[in-house]
Each structure stands twice: as structure tokens, then as C-alpha cells.
Amino acid sequence: MPFTGFINTSSQSHKITDSGAGGTAFSIGKRSYNGSIGVAPDTLPAENITEMLSKKGYNTGVVSTSSVTHATPACFYAHVKLRKMEEEIARQLVHSDIDFLRGEAQGFCAKKRRVQLFRFFTI
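Residue numbers for the sequence shown follow my numbering, beginning at 1 and rising by one.
These aren't lab readings, by the way, just hints derived from the structure by calculation. It cannot be assumed that every hint is accurate.
Quick list of simulated restraints, FRET-style, between CB atoms [unchecked claim]: (1) Asp99 <-> Thr65: 14 to 24 Å; (2) Ser10 <-> Pro45: 15 to 25 Å; (3) Asn59 <-> Ile16: 32 to 42 Å; (4) Arg91 <-> Thr4: 30 to 40 Å; (5) Pro2 <-> Glu87: 41 to 51 Å; (6) Thr43 <-> Ile16: 17 to 27 Å; (7) Pro2 <-> Val94: 33 to 43 Å; (8) Ser10 <-> Ile49: 11 to 21 Å; (9) Met52 <-> Lys81: 34 to 44 Å.
Quick list of in silico lysine-lysine cross-link-like pairs, BS3-like style, CA-CA up to 25 Å [stated by the list, open to error]: (10) Lys30 <-> Lys84; (11) Lys30 <-> Lys56; (12) Lys15 <-> Lys81; (13) Lys30 <-> Lys81; (14) Lys84 <-> Lys55; (15) Lys55 <-> Lys81; (16) Lys15 <-> Lys30; (17) Lys15 <-> Lys84.
Cβ coordinates follow ideal geometry from the N, Cα and C atoms, glycine included.
Please take these sequences and the hints and turn them into a complete structure.
Structure representation (C-alpha cells):
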């Protein structure tokens, strides 16, 4: 391969990185704080790789063995200050430009009152 890249996925706020900060580092290319999902350390939304590629006409997708609203996959389509904001993460997923999504439907997505957020997706 002609290209090689490196990224520092360590948290800006803690010695031990959580999946939100690690996933955010991968998706936006910058370190952030533990609990963050797709936001810079100043809590402002930061454009992620899937958004950049969608703007250029590429199809994008997210595949995960965890819930689709879990911190790691969410970093590629959502922008929230805290990973606990699953309802907002789900809302942003429905309105994202992601072309393909595959993940577990247990937990948040399986709760009956929230399933309507996913009416556009096959889970």
C-alpha cells in the first residue's frame, strides 16, 4: 500500500480512553474527551469521515457488533456532548447520510417506545 496513517486515540481528559473518545479520534481525526461522540474538545460538532465522503459522492456505511447507538459506531454519524444521549444519537442516525448500517438491535433500539425512530431502517 502506498499510504500509511497514524492517529493518537488517547483521551484529552483521562489517562484511560473510553470508546467515545477513541471512536471520535478515528472518525474526526482529532482527540477529544471521554464521553464525547463526534465533537471536538470544545463540545462543538466536528465533521467526521463519513460526512466528508458523503459530500464527495461516496457511499458510506457503519458496521458494528454492538448496538447501532453505542458510542463507537455513533462517532461516525452523530455529534453529542455525552455518550449517554442515546435518544439524540438515534435521532441523528435517522437524519444522517449513512447509506448502509449493520449492528445489534438490542438495548436502546429494542425498547418499544423508541423503535419508531428507526422506521427507515431494517433492524
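Run through the hints listed earlier and report the numbers of any the structure violates, in increasing order. Hints 9 and 14 contradicted; others consistent.
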